[in-house]
Amino acid sequence: MKNLSLWNLELKAAEIRLHLLRIFSYGKPHHFGGSFSCVEMVTALYFYKMNYSLENWQAPGRDRFIMSKGHSVPTQYVVLAMLGIHSLEELKTIKQMGSIFQGHPDVRKTPGIEAPTGSLGQGLSFANGIALAGRDDGLDFKVFLILGDGELQEGQVWEAAMTTAHYGLKNVCILVDRNRYQSQGAVDDLMGIEPLTDKFNAFGWQAERVDGHNLQALCAALDKVDGKNDKPVAIVADTVKGKGISFIENTYKYHNFNLSREEYERAEKELLERIKDLEKRS
Amino acid sequence: MATEATRDAFGRAVMELARKYKDVYTMDCDLGRSTRAYQITEVDPKRFLEMGISEQDMISTASGMASLGKVVYVNSFAVFITGRAYDQIRQQVSLPEMKVRICGSSAGITQGTDGATHQSVTDLNLMRGLPNMAVVSPADGRQTEEVINFSYNYPGPMYIRLSRFSTPSLIPEDKTFQFGKAQSLKEGDRVVFLSTGPILMNVLKAAEKLEAEGISCGVYNFPTLKPMDEGAVSDLAGRYDFLVTVEEHSIIGGLGSAVAEIFSGMDRKKVKARLCRLGLKDCYGESGLAEELLEKHGLDTDGICNYTKSLV
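These protein sequence lines are chains S and A, in that order.
Going by this note's numbering, the residue at position 12 of the first sequence is 12; the numbering climbs one at a time, nothing skipped.
Count along the second sequence starting at 1, add 282, and that's the number in this note's numbering.
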């Protein structure tokens with residue numbers, strides 16, 4: 001657990017969003033909606049909860065993070081760069097020919113990426129495998145994942161949820177980015193997934209619902225993954241798709257879309273204002 | 283003569299491997315006693331992981347274990363492990379080059395009475411098409427042991443095709459398994475059979491019979507289907523009149539196709555042979571005894587002989 005104040009964490013989140021925007025730039029399609037909605041979760045994990053730093057990011061005992069909804073990996077790339085593992089400048093090559101920053105997570109190309117995801121629904125099984133192997137190796141790391149809410153429509157997620165509980169892998173923790181939109185529309189319209197906490201509880205997890213943009217609430221929920229928890233922890237985080245840029249919030253249209261130059265400039269202004277507001281509160 | 287199925291040799295070989303190396307595991311989806319994956323429990327019960335009936339979860343979990351250096355032999359019937367979990371194998375084993383061993387058990391029509399749903403005739407096609415994936419198909423028990431021992435140190439992903447079809451020992455002891463190499467078991471001058479898996483038993487019998495009838499036959503075994511032994515195929519294509527591939531698999535995508543792919547790139551002036559493929563002719567199997575099914579699809583000794591005589 002790291003010693004950053006709530007204000008520091010909020011500033012980190014605001015900075016992540018600005019970096020994301022600048023890396024995405026304009027005129028190029030990117031997964032804006034899901035990358036922006038999970039920012040606080042990724043912040044709470046890397047800057048508060050996880051035993052993970054520039055000093056130990058390759059150590060066998062490090063905590064691990066897997067972006068199971070692989071299309072939101074840019075948020076993880078940004079944080080890896082903020083930790084000093086990559087450079088923000090190089091991150092601007094994202095999705096370009098020859099870049100180490102692929103459109104979806106690639107364990108061979110990108111140091112710091114822990115799991116090959118991108119085809120949805122496979123991250124939790126992979127995390128269980130890491131946890132099973134780590135247990136036999138006597139390592140006591142934790143494995144955290146972010147799953148998309150649309151991703152929960154994949155049957156494999158529920159196969160894996162059974163496996164986590166069956167093998168008592170209490171060091172595996174999932175956060176569901178419940179941003180309510182998937183590629184083609186609202187999750188509840190396309191294929192309903194609720195009641196989520198009931199579902200996870202019934203699968204042998206301990207589930208709770210939090211405001212996924214409230215860092216204090218997220219940190220408190222993550223505190224429950226302390227090695228003494230009886231069951232694996234599932235945190236269903238209610239979020240806003242595209243959070244932080246007013247005109248892309250709460251719509252599926254920017255799930256994978258490009259901004260015009262004017263939209264980009266407007267978005268940059270909003271994100272800079274957020275940082276300025278926070279700095280005033282310091 | 284004692285007979286053995288390659289799945290039995292597999293169970294024994296992995297158990298011995300587990301005795302030697304602490305990082306060897308097996309996984310299965312409620313078929314562990316049939317695939318023989320369960321046999322590892324004689325060495326260490328903890329290194330058999332029962333995944334329930336969930337092939338997709340099994341493959342991805344094994345890949346996660348492989349990312350921490352474990353060598354996991356994942357098992358199910360060939361039809362399920364390659365078909366049901368194809369995307370997991372593509373995305374989390376083959377693409378990231380994870381050291382996972384995909385073991386497809388009860389492959390081919392000799393699976394027998396369970397019928398078409400359980401008989402894998404497309405697994406080689408599916409696995410051969412995946413970049414980075416090695417594909418092996420041992421013919422008898424001893425060769426299976428050699429393949430399993432080799433597989434432990436092989437750095438990338440591997441598909442291992444296994445069978446419940448019992449055969450006597452087919453390959454002389456001095457012919458050792460070499461990854462990527464075909465094995466010459468008999469030389470002739472008119473027809474050469476290219477075989478993979480335990481169907482080699484019928485191929486050897488057919489060659490002997492044909493020889494007695496005055497048709498000189500060679501027999502080559504291909505325990506590795508990827509990478510293919512291109513040199514051996516080129517050599518045979520230049521020496522024989524007929525190359526006949528024999529496999530317990532569809533003629534689309536398996537050994538026959540792999541040989542045809544090599545043919546397609548060869549200098550026509552150096553090709554003497556006509557290529558003929560024996561296998562399932564773009565169809566599924568059905569319930570029946572292994573011997574009955576082999577006969578129906580022309581893969582019994584008489585079927586192979588009759589087909590060959592129709593050529594020469």
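Hints in this document: simulated from the structure, not taken from any laboratory.
A hint or two may mislead.
[What the hints assert, rightly or not] Okay, derived cross-link-like pairs now, EDC-like style, lysine to aspartate or glutamate, Cα gap no bigger than 20 Å in a straight line: (1) 508(A) <-> 427(A); (2) 280(S) <-> 268(S); (3) 231(S) <-> 268(S); (4) 199(S) <-> 154(S); (5) 551(A) <-> 577(A); (6) 304(A) <-> 137(S); (7) 328(A) <-> 298(A); (8) 92(S) <-> 268(S); (9) 328(A) <-> 137(S); (10) 92(S) <-> 263(S); (11) 302(A) <-> 137(S); (12) 109(S) <-> 379(A); (13) 328(A) <-> 140(S); (14) 231(S) <-> 208(S); (15) 28(S) <-> 208(S); (16) 304(A) <-> 268(S); (17) 328(A) <-> 136(S); (18) 457(A) <-> 427(A); (19) 578(A) <-> 568(A); (20) 487(A) <-> 298(A); (21) 487(A) <-> 379(A); (22) 591(A) <-> 490(A); (23) 302(A) <-> 136(S); (24) 199(S) <-> 230(S).
[Claimed, not checked] Label-pair distances were calculated between CB atoms; the ranges are: (25) 211(S) <-> 398(A): 44 to 54 Å; (26) 253(S) <-> 324(A): 51 to 61 Å; (27) 162(S) <-> 302(A): 26 to 36 Å; (28) 140(S) <-> 369(A): 53 to 63 Å; (29) 139(S) <-> 302(A): 18 to 28 Å; (30) 543(A) <-> 220(S): 53 to 63 Å; (31) 461(A) <-> 194(S): 26 to 36 Å; (32) 303(A) <-> 60(S): 17 to 27 Å; (33) 211(S) <-> 334(A): 30 to 40 Å.
Remember, predicted model here, so these are calculated numbers, not experimental data.
Positions of the beta carbon are idealized from the N, C-alpha and C atoms, including for glycine.
Here's how the hints hold up against the structure:
no.	hint	result
1	508(A) <-> 427(A)	19 Å, holds
2	280(S) <-> 268(S)	18 Å, holds
3	231(S) <-> 268(S)	42 Å, violated
4	199(S) <-> 154(S)	14 Å, holds
5	551(A) <-> 577(A)	37 Å, violated
6	304(A) <-> 137(S)	10 Å, holds
7	328(A) <-> 298(A)	15 Å, holds
8	92(S) <-> 268(S)	16 Å, holds
9	328(A) <-> 137(S)	13 Å, holds
10	92(S) <-> 263(S)	19 Å, holds
11	302(A) <-> 137(S)	17 Å, holds
12	109(S) <-> 379(A)	12 Å, holds
13	328(A) <-> 140(S)	18 Å, holds
14	231(S) <-> 208(S)	12 Å, holds
15	28(S) <-> 208(S)	37 Å, violated
16	304(A) <-> 268(S)	54 Å, violated
17	328(A) <-> 136(S)	9 Å, holds
18	457(A) <-> 427(A)	13 Å, holds
19	578(A) <-> 568(A)	10 Å, holds
20	487(A) <-> 298(A)	32 Å, violated
21	487(A) <-> 379(A)	39 Å, violated
22	591(A) <-> 490(A)	13 Å, holds
23	302(A) <-> 136(S)	17 Å, holds
24	199(S) <-> 230(S)	17 Å, holds
25	211(S) <-> 398(A): 44 to 54 Å	53 Å, holds
26	253(S) <-> 324(A): 51 to 61 Å	59 Å, holds
27	162(S) <-> 302(A): 26 to 36 Å	33 Å, holds
28	140(S) <-> 369(A): 53 to 63 Å	32 Å, violated
29	139(S) <-> 302(A): 18 to 28 Å	23 Å, holds
30	543(A) <-> 220(S): 53 to 63 Å	59 Å, holds
31	461(A) <-> 194(S): 26 to 36 Å	51 Å, violated
32	303(A) <-> 60(S): 17 to 27 Å	18 Å, holds
33	211(S) <-> 334(A): 30 to 40 Å	35 Å, holds
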